[in-house]
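*Asks:* For reference, the chains in residue letters:
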Amino acid sequence: MRLAEAWRVALDALRANRMRSVLTMLGVIIGVASVVILVAIGTGTKQKVEQQVEGLGSNLLLVVPGKIDVGNAPVVSPLDLKDVDAVTRVVGDPGRVAVTVASGATARAGNRSDFTTVQGVLETTPAVFTRSLARGRYLTGADVDTSRRVAVLGASVARALFPDRDPLGQQVALAGVRFRVIGVFAPLGQSLGVDRDDEVHIPVTAAQRLWGTQRIDGIAVKAPDRERIGELGDRIVAELSRRHPDTEFSAVTQQQILGVLGDILGVLTGVLAAIAGISLLVGGVGVSNIMLVSVRERTREIGLRKAVGARPRDIGVQFLLEAVLLTSIGGLTGMALGVGTALLVDAVSPIPAAITWWSLALAFGVSAAVGIVFGVVPAQRAGRLDPVVALRAE
Amino acid sequence: MTLPAGVPAIEAVDVSRTYELDGVSVPALRGVSLTIDPGEYVAVIGPSGSGKSTLMHLLGGLDRPTGGRLVIGGRDVATLSAPELAMLRNQTIGFVFQAFHLLPRTSAVDNVALPLVYRGIGARQRRERAAAMLGRVGLGHRLDHRPNQLSGGEQQRVAIARALVTDPAVLLADEPTGNLDTVTGEAVLELLERLNAESGVALVMVTHDQEVAARARRRIAVRDGLIRSDTLHDRPLSGVGRGPATLDDAPSAEPRFASGRGPGHPSGGSGGAAGATGRLSGSSEAVPGGAG
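For the record, the sequence lines run as chains A and B. For any residue, its number in this note's numbering is found by taking its place in the first sequence, counting from 1, and adding 27. For any residue, its number in this note's numbering is found by taking its place in the second sequence, counting from 1, and adding 11.
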């Protein structure tokens with residue numbers, strides 16, 4: 028029998044049992060669609076996080092107390108502004124050093140309030156990190172030196188507190204202390220479900236006074252060039268370790284953060300794909316099951332075909348094609364469904380999703396392979412049927 | 012399929028078939044020898060359990076003997092692989108079953124064309140040949156009807172067209188009228204006989220119906236896995252003048268015709284018109300010669 032003929036026969040058989048074919052395909056459709064969707068979400072998240080980390084600014088070096096590793100608890104920082112001066116001497120350029128001391132606080136304006144993260148920072152922040160303002164101005168050196176009570180609002184905070192008026196020049200109470208709004212950040216969006224516009228920047232000196240502390244949580248340095256970024260980190264860590272012999276310090280680069288995040292998200296994507304793969308496997312078992320039923324149901328047909336000259340291989344190929352057709356059509360439908368859903372999720376929800384060709388190829392390849400793997404046993408059984416027995420079947 | 016002159020369509024020599032059921036050997040055929048020549052009209056008759064179905068499956072190449080030699084279309088089935096045997100069936104044998112065995116969701120013309128599919132013939136030529144064959148069985152106007160839109164007699168005629176579309180050497184009909192009423196059955200028998208006469212295809216009809224069997228010129232009676240009689244008769248309908256032959260009732264499993272030549276073929280029909288005689292006394296299956 029020619030292959031084209033076998034395809035036609037397989038298609039006819041699926042059409043004849045339309046309802047059953049569709050239900051059988053459904054398992055494969057759901058399996059493939061979930062692989063595509065979950066891999067798209069995993070990939071999209073990874074891409075977005077990478078973009079954001081890269082968007083922090085190039086050649087960035089983050090200096091924090093403790094070891095940076097997955098699962099390590101944060102350490103109480105022993106750093107203060109004198110350490111920042113020491114780091115600045117190592118770097119040699121004050122404009123390249125930024126700091127943060129952060130705490131959650133309630134921001135109030137009139138009868139509106141918003142719980143947000145208040146960051147005490149230096150005027151260097153927009154240069155070290157890549158941040159731009161939508162309105163007004165950023166903190167100045169004078170603001171920091173004089174602990175002036177001025178604030179730059181993140182886009183979400185500005186929207187929450189001043190939905191219908193210009194926040195510039197307005198008063199906002201942070202932990203009960205009044206600050207004057209001098210600027211509003213351009214929106215950044217979300218990252219891993221965290222609203223990055225939910226923050227307020229105030230001079231680090233004012234923040235320390237607000238919370239009654241000398242502490243600095245971390246230091247960020249924009250290295251002059253990429254080549255010597257590691258060496259610079261080592262020198263900064265050495266200087267801080269000299270000043271605080273009891274504490275370990277870490278200097279991590281963007282590339283290292285990207286690497287760690289990439290690993291985590293890669294594992295996450297893999298786990299998601301594996302879970303989806305299980306449903307694809309279950310779909311494959313369903314195909315196998317239905318093919319066995321189909322062989323049994325059509326025993327007489329098989330007997331007749333053999334009587335008129337079908338070779339065992341002809342019958343086997345016919346049933347194998349039927350299984351492959353089931354999973355391939357299911358696979359294509361599942362791919363379309365998965366791509367559609369992923370694009371929809373990306374468009375209307377904050378969850379990012381990115382379609383990758385390899386995930387489509389993998390999902391389709393796996394579904395076709397599922398058809399072959401789970402179709403072989405029923406097909407062999409059909410091919411080996413004794414025509415005499417088959418013709419007598421009820 | 013046209014066989015070379017002098018080659019029998021089917022030749023069985025001391026063929027036996029034993030089934031293994033749960034370790035127990037059950038003999039269904041215990042040594043059967045016969046020859047089917049091109050163009051013959053043979054009735055195989057016997058009660059259920061006699062082994063006549065097993066015999067038909069063997070003659071049709073659906074099954075293989077466990078003993079003896081079986082040559083179909085000049086080829087010894089013992090030497091053939093499963094695919095080769097399938098091709099031999101396709102080229103040499105046409106089957107007509109009691110239950111028609113048509114593919115239910117397939118049109119009459121496609122049902123008839125099915126054997127041509129396995130011969131690798133293209134769709135257009137298949138349809139042409141199948142349509143022509145349906146025309147020969149009187150169903151030229153029903154090409155695209157499905158089996159459930161056809162009467163029982165029409166369905167069996169579709170099945171006959173399917174059996175003959177490959178131009179086989181032998182048409183094996185297993186109780187072809189078993190599922191039909193008398194009138195329809197009669198029409199189907201007449202069709203089979205007409206095709207037998209017209210096309211030169213050997214017609215081997217398995218039946219338990221004496222009346223049906225009585226129409227055949229040659230009658231083979233099977234009982235307990237053995238051929239009890241193999242006789243030739245003058246058919247009142249055909250008027251062919253070959254005299255009937257008779258043979259002994261053979262109660263043992265001994266091969267009676269070691270020459271491999273079937274008993275129903277007295278050379279040149281020299282048996283005369285004397286008819287079957289009392290030598291058939293041992294078998295209730297034996298049919299007396301019609302010309303007597």
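Some hints could be false.
Claimed, not checked - With the C-beta cut set under 10 Å, the calculated list includes, among others, these residues of chain B facing chain A: (1) Leu113; (2) Arg130; (3) Gly133; (4) Gln136.
As the list claims (entries may be wrong) - Non-contacting residues of chain A with respect to chain B, defined by C-beta distances greater than 10 Å in every case (computed): (5) Glu77; (6) Gln79; (7) Ser85; (8) Asn86; (9) Pro121; (10) Thr173; (11) Gly210; (12) Arg223; (13) Asp252; (14) Ile302; (15) Val309; (16) Ser315; (17) Lys333; (18) Arg340.
No wet-lab data here; the hints were simulated from the structure. The C-beta atom is built at its ideal place from N, Cα and C for all residues, glycine as well.
*Asks:* Go through the hint on Gly133 (chain B) and say holds or violated, using the shortest Cβ distance to chain A against 10 Å.
*Replies:* It holds, given that the least Cβ distance between Gly133 (chain B) and chain A is near 8 Å, below 10 Å.
*Asks:* Can we trust that Ile302 (chain A) is non-interface, i.e. its beta-carbon lies farther than 10 Å from all of chain B?
*Replies:* Check passes; 40 Å lies beyond 10 Å.
*Asks:* Should the label of Asp252 (chain A) as a non-interface residue stand, given a Cβ cut-off of 10 Å to chain B?
*Replies:* holds (72 Å)
*Asks:* Does the no-contact call for Ser85 (chain A) survive, Cβ to all of chain B over 10 Å?
*Replies:* Fine: 66 Å to the nearest Cβ keeps Ser85 (chain A) off the interface.
*Asks:* Would you say Arg223 (chain A) is clear of chain B, with no C-beta pair closer than or equal to 10 Å?
*Replies:* Given a closest Cβ separation of 61 Å, the condition holds.
*Asks:* Could you let me know if the closest chain B CB is still more than 10 Å away from the CB of Glu77 (chain A)?
*Replies:* holds (55 Å)
*Asks:* Please confirm whether Gln79 (chain A) is truly not at the interface, meaning its C-beta sits more than 10 Å away from all C-beta atoms of chain B.
*Replies:* holds (58 Å)
*Asks:* Just checking, Thr173 (chain A) versus chain B, shortest CB gap more than 10 Å?
*Replies:* holds (90 Å)
*Asks:* Please confirm whether Arg340 (chain A) is truly not at the interface, meaning its C-beta sits more than 10 Å away from all C-beta atoms of chain B.
*Replies:* violated (7 Å)
*Asks:* Please verify that the nearest CB of chain B lies beyond 10 Å from Lys333 (chain A)'s CB.
*Replies:* violated (7 Å)
*Asks:* Does Pro121 (chain A) clear chain B by more than 10 Å, comparing its Cβ with all Cβ atoms of that chain?
*Replies:* Label holds. Min Cβ-Cβ 84 Å, cutoff 10 Å.
*Asks:* Decide, holds or violated, for the assertion that all CB atoms of chain B are farther than 10 Å from the CB of Asn86 (chain A).
*Replies:* Check passes; 69 Å lies beyond 10 Å.
Consistency note: the structure conflicts with the earlier hints numbered 4, 17 and 18.
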